[in-house]
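J.: According to my numbering, the sequence shown is numbered sequentially starting from 1.
Incorrect hints may appear among the rest.
[To be verified] Taking lysine to any residue pairs in the SDA-like style, the calculated list, with each CA pair at most 20 Å apart, reads:
1) 70 - 162
2) 136 - 32
3) 136 - 26
4) 136 - 162
[As the list claims (entries may be wrong)] Across the chosen pairs, the derived CB separations fall in these ranges:
5) 115 - 11: 36 to 46 Å
6) 65 - 117: 31 to 41 Å
7) 54 - 122: 23 to 33 Å
8) 33 - 139: 26 to 36 Å
Hints in this document: simulated from the structure, not taken from any laboratory. Because the structure is a prediction, the values reported are computed rather than measured. Just so it is clear, CB atoms sit at the ideal spot from N, CA and C, and this is done for glycine as well.
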Amino acid sequence: MIAMLREWRRPINFGLFIVCALLLAWAYYLEYVEGLEPCPLCVFQRLAFLGLGVVLLVAAAHHPRGWGAKSYGGLILVAAGAGVALAVRHLYLQSLPPDQVPACGPGLDYMLDTFPLLETIGTVLAGSGECAEVQKVWGLTIPGWTLMGYLGIGGLGVVTNFLGGSGRRG
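Could you build the full structure based on these sequences and the hints that come with them?
T.: The following block contains the structure:
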């Protein structure tokens, strides 16, 4: 198993990068073709997929062994972990009863233009009413799909780079 991961680490990292790119393309399809306006948490989840994809692409291109591969595994864990945290927060907001949903706040573009960055991040993570809207795709909410994506991509990326990173380059 470990020998297979070692041999296939570069193609797996590149394949996972492609999956991240396809998920981002799907998000833009939903926004621009289907007309679903992303809430601020959705935008942050896109950024987490972008970060995860960049780490996977660089890991595939660099293809180090030993601690270098384990370092990429750690970066993948951080990026996927951030995505998981954002998706779980989003799912929590969607599960709230209507009377407990936070009030709608200003749009993300406005916050980025007028608020300091840390205040914007705090406001987005606190959530807003638009983040509590439930829109299902194939029977599952969009944050539910992203959570599965982060767990699957992140899990495979971490295992591949931690276990497959020892020994000779493949």
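J.: Are there hints from earlier that the structure breaks, and if so, what are their numbers?
T.: Violated hints: 4, 8; rest satisfied.
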